[in-house]
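*Asks:* Okay, here's what each chain looks like letter by letter:
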Amino acid sequence: DTAVSQTPKYLVTQMGNDKSIKCEQNLGHDTMYWYKQDSKKFLKIMFSYNNKELIINETVPNRFSPKSPDKAHLNLHINSLELGDSAVYFCASSQDRGTYEQYFGPGTRLTVT
Amino acid sequence: AQSVAQPEDQVNVAEGNPLTVKCTYSVSGNPYLFWYVQYPNRGLQFLLKYITGDNLVKGSYGFEAEFNKSQTSFHLKKPSALVSDSALYFCAVRAAGNNRKLIWGLGTSLAVNP
Numbered sequence: 023d024t025a026v027s028q029t030p031k032y033l034v035t036q037m038g039n040d041k042s043i044k045c046e047q048n049l050g051h052d053t054m055y056w057y058k059q060d061s062k063k064f065l066k067i068m069f070s071y072n073n074k075e076l077i078i079n080e081t082v083p084n085r086f087s088p089k090s091p092d093k094a095h096l097n098l099h100i101n102s103l104e105l106g107d108s109a110v111y112f113c114a115s116s117q118d119r120g121t122y123e124q125y126f127g128p129g130t131r132l133t134v135t
Numbered sequence: 059a060q061s062v063a064q065p066e067d068q069v070n071v072a073e074g075n076p077l078t079v080k081c082t083y084s085v086s087g088n089p090y091l092f093w094y095v096q097y098p099n100r101g102l103q104f105l106l107k108y109i110t111g112d113n114l115v116k117g118s119y120g121f122e123a124e125f126n127k128s129q130t131s132f133h134l135k136k137p138s139a140l141v142s143d144s145a146l147y148f149c150a151v152r153a154a155g156n157n158r159k160l161i162w163g164l165g166t167s168l169a170v171n172p
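Note that the protein sequences, when read in sequence, are chains X and C. Just add 22 to the spot in the first sequence (first one is 1) and you have the numbering used here. Just add 58 to the spot in the second sequence (first one is 1) and you have the numbering used here.
Take these hints with a grain of salt, some might be off.
[Said to hold, decoys possible] Just a few of them, taken from the derived set where beta-carbon distance is under 8 Å, the chain X residues facing chain C:
#, residue
1, Gly50
2, Thr53
3, Ile67
4, Glu75
5, Tyr122
6, Pro128
Don't read these hints as lab results, they were simulated from the structure. The beta-carbon is built from N, C-alpha and C at its ideal position, and this holds for glycine as well.
One chain only, chain C, in its complex shape (with noise of 0.2 Å):
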């Protein structure tokens, strides 16, 4: 079965800090990955993708995720944390058989503390 799993519902870094969202996912065939943010009262924003090539992606704000074949894990990361960048984070596989759908996590709320 297809599935994207966010192990935790709410990570909480302190501003300054390295801030990691972990994601897993389970596709057949090579997955194309991506990261979405969601914050309060808006729509989400693509982020990033992984689809073939160099491992570590970098994307918008400074975000990067770093994508494990052997793990099947597609990790969202940021060296410094920002109070702004307190918000929900989804996780999505392009869904094989379909290239339209997305398979989805639950999501993780992140909070930076100042």
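In isolation and in its complexed conformation, chain X is listed as follows (with noise of 0.2 Å):
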């Protein structure tokens, strides 16, 4: 009964590539998000998606494009993957009341070579 789950857990691919990372979330929430996590652990939010409107677009390239369904459901496609987007990827999600805090899924490893 995975709350938040990502597919894939392990993405390699080389430069000029074109990606997609899938997230589910069955807890009911309205609200998903995209972070990325660097080699140094740092977090930083790219996307928010509430019930499939796009709320939070961080400065990320425009060759990351996330499209949400539906509520349950926010996709990362990315385009001519480069060596710097090697990173982790998670998806989170919160609910749309109360104090918002957000669950993540278990990351996506991409791998750019």
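Since each chain comes alone in its own frame, lean on the hints to assemble the complex.
*Replies:* Structure, rendered in structure tokens:
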């Protein structure tokens, strides 16, 4: 009964390729997020969707495009992958009321060679 | 500017001793504060939060945190550390004006030595 799940867990690909990461949450939350964690473990918010509407869009190259088909799913598509995109990408979700604490998926480790 | 500072990159403590992981914040209005833990090769896990009320907040795995408004701090504590507590700890504060955005600290690596 995984609350926030991501696929794939590992992704190894070559520069210039296009790849997608998928996220699903079964918590009934209204808001979902994508984070990037670099090799120094710094956590950076990338995007957030609330009920399929983009509400946070940080300074991220436009090669990154999130898509939310419904409020339980948030996917991340990356075009023309670069070496610097290598990182762990985390999906998270939160309830749309109350204290908004976020619940994280297990992460997708992306390695670009 | 809104920010969270975790002044120590690494904290070392002997098993059985008390531990403290420090966090200070800067945000307008009443802060909503959070602690998360990340074990190696895992996602972040929510530990505890301060919203209002008692300044001492209890959370998962025997952790607690003390909110100090005058010092704008929210230090994470545990009376007796376990080797299994060794992990990366993140402090976060909810951004003013955006309920869904968290401002994150850079993380503190806790090593508990047997």
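*Asks:* Need the list of violated hint numbers for this structure, in ascending order.
*Replies:* 1, 4
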